[in-house]
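Peer 1: Next come the chains, spelled out residue by residue.
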Amino acid sequence: MSIDMAQFHQVFFEESFEGLDAMESGLLNLDMGDVDTEEINTIFRAAHSIKGGSGTFGFTSVSDFTHVMETLLDEMRDGRRQITQTALDVLLGSVDCLREMLTAIQDGDEINESRVAEHKKELDKELNGESAETPQIQNVAQSIDTVESSDAANENVGQTGWHIVFSPHAHLLKTGNDPVRMFRELKELGELTAIVDLQGVPSLYDLDPEDCHLSWDLKVEGDISREEIDDIFDWVEDDCDMAIQVLANNSPISQSETIDTEPNQLKSGGSSEQISEASNIKPQDIKTVQPVKKSAKPKPEKKDSKPKGSSSIRVDTAKIDTLINMVGELVITQSMLSLVGEDFSPHKLEQLKNGITQLGRNTRELQESVMNIRMLPISFVFSRFPRLVHDLSTKLNKKIELKLSGENTEVDKTVVELISDPLVHLVRNSLDHGIEMPEDRVAAGKPETGTVNLNAYHRGGNIVIEVVDDGKGLNKEVLRAKAIEKGLIEEDAILTDKQTYELIFHAGFSTAEKLTDVSGRGVGMDVVRKNIQSLGGNIEIESELGKGSTIAIHLPLTLAILDGQSVAVGDETYIVPLISIIETLNIDESMVNRVAGKGETFRLRDEYLPIVRMHEIFSVETAKATRLTEGLLVVVEGQGMRCGLFVDDLLGQQQVVIKSLEANYRRVEGISGATILGDGSVALILDIPGLVRLSNL
Amino acid sequence: MNEASNLTEVETEDEQKQVANAIQFLSFILGNEQYAVDILRVQEIRSWEPVSRIPNVPSYEKGVVNLRGAIVPVIDLRDKFNLGHAEYTPMTVVVILQTEVKGKNRIMGVVVDAVSNVIDIDKTTIQSPPEFGTKVSTEYINGLAAVDEQMVMLLDVDKLLKLDDVDEEDES
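Protein sequences appear in the order of chains Y and V.
The first sequence runs 10 to 706 under the numbering used here.
The second sequence runs 705 to 876 under the numbering used here.
Only chain V is shown next, with the shape it has when bound in the complex:
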């Protein structure tokens, strides 16, 4: 009896997942806030390892690491979003994200406090970000979604990984 009802529950959950509007996101924690990125943009998740510093770049660009022979830059999202610096612990993870710049695939690591979950979000329930002074400039936020009564900010990976804009900001 019990088993049977469990089964149906799982099935209905599966059905919900298969709703055409659902997108999967990988959520992670920065300070007290929940963020998420499109899971299809995530290449892998690694634990923090020391990086080689790059001179004369903004402080949130931590440096570069060797990812199986490719030189991959690592940026610290806490620093980028001005959330205050945190010590890197064994829990600190680097999420390797992909983006496409001028037709070329580019990968980059972002340092976050911890990854939390893979979540399904119904496209239709995503709110556009409100215009007010959060700690994060809403520039990188695609939208807001509620998961288990908690707000999750959905990040725009392309904008996040775009360094050329950063270059211009540096010069000005």
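For reference, chain Y alone in the conformation it holds in the complex:
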């Protein structure tokens, strides 16, 4: 038993949190009228695994708590209990409570006992409240409060302990159950004497080391309730034969029971005859003692093992298989090429060319599938919204329906992690400010229930996530008045619709008449935009007064690769992200206007855009084009600002792998990163918003 349990903690937490998410979405999907048994089963299974896991790792508070939930769910599953809204709310509350408990354990913090007790009480109330109606639930209700029920069920006062004959079936170990662990738990209940029966062990030749051939005769002494014993063996009930008897001399015989449905008294009785004092020295017995020492240890260990934020990733096996196939092909190509190279002669040139083409294809495919591994469906983010909308709409007294689409759209893991907070903010905004109160909606001739759509889809090399509501929309006049009041714009400033909506991204800008704890403090939208921009994306707003608004987030599919346009400035090559390029044009002097102090601008259709001369702001001495007619103007957009980048020439489009400049160097204004070109040299990737700032200095 030298296995350090702590190494599995991280996995347990990850799985448990996933389980909690599954429970939550399951609970929200439960339709009170028409109960889907499969749905309840899913919830039940999740609860069951959490209970099992937490028991294994000794997080008893968690397993105790989950046990109560499980009981309630079990009754629902068997149809013994009506599913009511209050029961669902209590269960949802318990899910939250469980999540808090697990987070606390993960961080090595204290569990908020009072909160746990509160939730447990509510669960108990839910259980007992119903039990009066249906008598058969009585049993279950008892098992919830262990202390109470033990007194009630076992009238025997002189009880000193239990005698358990435990003979596991051969496959017990394969089910992941460990008798030693169970003995450890028994040991915690009271004085444990374990006597092992080696009778069933076959000769070494026939022995299958994965089978369990041992059976035990156990005596636990102490004031222990039957339920506590049952709890321990709960998991193995179906995989063993066992008999539990009260040890006390004066206890009534009726107390003894066989747990297993198939009576195996004979067999267990037979094994107890084999008890020999000599077997005490057997390693099995020593084993039962050792773990007790260990069980005290994990507590201090928990403190330091604190890898916050999951760094592991769950990958579809199919993805791995494709990867392995591709590596196989790569190896074949490699051996083919090395064969060609071994004694090369000019007539093998064709072969070489073919090989290189194949290598190119292999590499590209390999790259794509490796990238694919980092991709997660956006449902990881979307799945939390049903709950959020459920809670918030109750709080705000609004009727809101949430519709999700494109949950299976895949995005880079980093994007998934970082997009969730901004998205929560946007949805809250939509619920709070967007959707009107039901009576207002009816007055406006709209259906009483408001709709919020969360859509995700691919467009080009980007993923678009939209938050669409059919609420009241943004009021341009109000926005404008507010902006003037805050001094953000001049009173007579003329703004396009787009520019007006952009105003809400200013820090401290809020049009809500009153503050709520949901939103309205004016912090947030600026942060939302900053977060999205840090992911290399942008955010756009469309809105129609009285009809609703759409907020669209455009994000690059992956953060590691970008579609770039290489441009030449003198001897140097720079990469412009393709996403920010609007168009490229030749320019002649007549289009250029010079604004005093603000430098050159040119007219593009209805707009005057500033010209950013790359060779000037990057002081490139070798630039060929110094007069505007000699070079090209690349019109780019960043952070809602457009400008024309003046460069010598366009070179070509290519996918580039983004490398950090900061890893060994530092941030450089106007540069977002670097990449390595085909010839091995380094090219810098331009940061358009940064360039615009730089040119304004």
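Where hints are given, some of them may not hold.
EDC-like cross-link-like pairs, simulated, lysine to aspartate or glutamate; straight-line CA separation at most 20 Å [stated by the list, open to error]:
1. K408/Y with D98/Y
2. K134/Y with E79/Y
3. K866/V with E671/Y
4. K129/Y with E237/Y
5. K866/V with D243/Y
6. K863/V with E511/Y
Because the hints were derived from the structure by calculation, they are not lab data.
Based on the hints, put chain V in the right spot on chain Y.
Peer 2: Below, chain V alone, put in the same frame as chain Y:
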């Protein structure tokens, strides 16, 4: 006979090397001066190759190169120490040095005229740098040591590779 005496000589030299106080340094030349860095900080030595210039940075920060997929900045020590610019020749080398910044390993290349030797220096014989106006501000010098009657300046790699300070200097 001869061989035997040679052997003993080598042995005694080895013994000297193993003296607990000895540290190995990599020495290199900048103009007429000898400098050295702790050899444990040297990752590799490469010949000069053209760099990609970084705009709007001090002139001694020559640019960045691709070192097996990592983007590594290269600084010119002659320029940094105001020793006058020298043409890059096939003899010019880039010493890739390691440092730790905020718990993260960082590598950087420094351009020097030529590397000369690996030298053993007894810790106890290292002098602290004198306070006077050399061409190098003594800020980057850890100490002075004499090797074969010649003075070698021992550079502090961490200070040398620290760019954040440089940033502040630029702004002021």
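Peer 1: Now, for every hint given, state plainly whether the structure supports it.
Peer 2: Hint-by-hint comparison with the structure:
1. Annotation: proposed proximity of K408/Y to D98/Y holds, straight-line Cα distance about 17 Å (limit 20 Å).
2. A C-alpha spacing of about 15 Å is found between K134/Y and E79/Y, which places the hinted pair at or below 20 Å, so the restraint holds.
3. Using a Cα cut-off of 20 Å, the hinted pair K866/V and E671/Y holds, with the two alpha carbons roughly 13 Å apart.
4. Simply put, K129/Y and E237/Y have alpha-carbon atoms about 18 Å apart, close enough for the 20 Å limit, and the pair holds.
5. The suggested pairing of K866/V with D243/Y is violated, with an alpha-carbon distance near 62 Å, which exceeds 20 Å.
6. For the suggested pair K863/V and E511/Y, the alpha carbons sit about 45 Å apart, so the restraint of at most 20 Å is broken.
The structure shown violates the earlier hints numbered 5, 6.
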